[in-house]
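Quick mapping for you: the protein sequence lines, in order, are chains V and G.
Heads up: the first sequence is residues 1313 to 1428, going by my numbering.
Heads up: the second sequence is residues 13 to 127, going by my numbering.
Honestly, the hints are just simulated from the structure, not real lab data.
Be careful, since some hints might not be right.
[Stated by the list, open to error] Stretches of chain G that chain V covers, calculated by requiring three or more beta carbons in the stretch to come under 8 Å of a beta carbon on chain V:
1. 60-73
2. 85-98
3. 114-126
Since we're looking at a predicted model, the values are computed, not measured.
We put the CB at the ideal spot given by N, CA and C, even for glycine.
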Amino acid sequence: AQSVSQHNHHVILSEAASLELGCNYSYGGTVNLFWYVQYPGQHLQLLLKYFSGDPLVKGIKGFEAEFIKSKFSFNLRKPSVQWSDTAEYFCAVNVPATGTASKLTFGTGTRLQVTL
Amino acid sequence: ETGVTQSPTHLIKTRGQQVTLRCSSQSGHNTVSWYQQALGQGPQFIFQYYREEENGRGNFPPRFSGLQFPNYSSELNVNALELDDSALYLCASSSGLAGVELAQYFGPGTRLLVL
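Okay, chain G solo, but in the shape it has when bound (with noise of 0.2 Å):
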């Protein structure tokens, strides 16, 4: 059984630029959250996806957005990259609606830079 994976690991971007990050799911894992964790912090909820629709969304602009695939693996876009963009993307799964008693299972991030 494979774990969650994410490309690239790192990535270094400039201001107004797009950025787009992937992961995999774990096998059988059909829900995928993605998370942001600023250094010092803790990850922040950016949205999840469930079935290749967005099923909820944290305080984050509509600049972040995402894609599920059929095989359950989920891309982040970012669009004009600010500098406060720069952190810790993270992608975490989970098998089924994660409101069950179902536990979320994370990647091992991105890492991107703004400069």
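Pulled out of the complex, with its shape left as it was, chain V reads as follows (with noise of 0.2 Å):
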């Protein structure tokens, strides 16, 4: 069955430091990428995805994401994070479901706090 890896938990970082969280498919097919944020309190909101094409991709909010093929990896880093920038990141892949559907398979979530 596909999976994917969150190693990071929980992270907390000061603001204006940089930001790296990790993120691992197990699948062998073609994968669609995604990373969501859900902010305290509110639903969850897509960050950035990749389809195909340069494996940098960049988002909403100064955030970014690498797809690198040979690792099975699409880590989420962002320079300089921001306090507003507290919340809980899903990584995702799209991958065929049963019938012709195809579903999202999420991580189980980094949360990070930023501090003042």
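Assembling the complex is the task here: the two chains are given apart, and the hints tell you how they should meet.
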């Protein structure tokens, strides 16, 4: 079965520190890759996505992620975090499901806490 | 353009009861997927609807069922509720089959508590 691993469960950073959240997936075929963010009290929002082409993708709010196919990884980065980046971050992979649908398989999430 | 909306926001039921959750997809989207998010976990795929037909299903028992209507809104029904069904239920919509290069956009969820 396909799976997504997020190795950092809880990350605490000071404002202006650099961020890198790890994401690895296990699936041998073509995948679409996503990062979603869930701010406190808000719903899941799409941060960025990779479908094909340039493996370095840029998302909203200064986030970027790099797809490394040989490592089955899609790590999320931000050069300088802000207090407002405090949230839970989910990596997700779009893989074929039963029938003709595709489903998102999510990691367990990384809780990022940014301190002033 | 309106986003994905869900109702109700919160719900309390007792074991054995039945529940119906509702979702309105984002304008222009014809595919709806439902996910269950237990506390401290990532969302788990329940099933997907495309053009009013169930189009794929995750590892959930048949007491989880759904509908999609001609306006692409959707319902999730859960029969014979169990305590473990307590979770946040998320609806996501996309424009077409999610197997193609399309992103899913999520609603705020319905938090269900089963006592």
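- Task: Enumerate the violated hints, using their earlier numbering and listing them in ascending order.
- Result: Going through the list in order, the structure violates hint 2 alone and respects the others.
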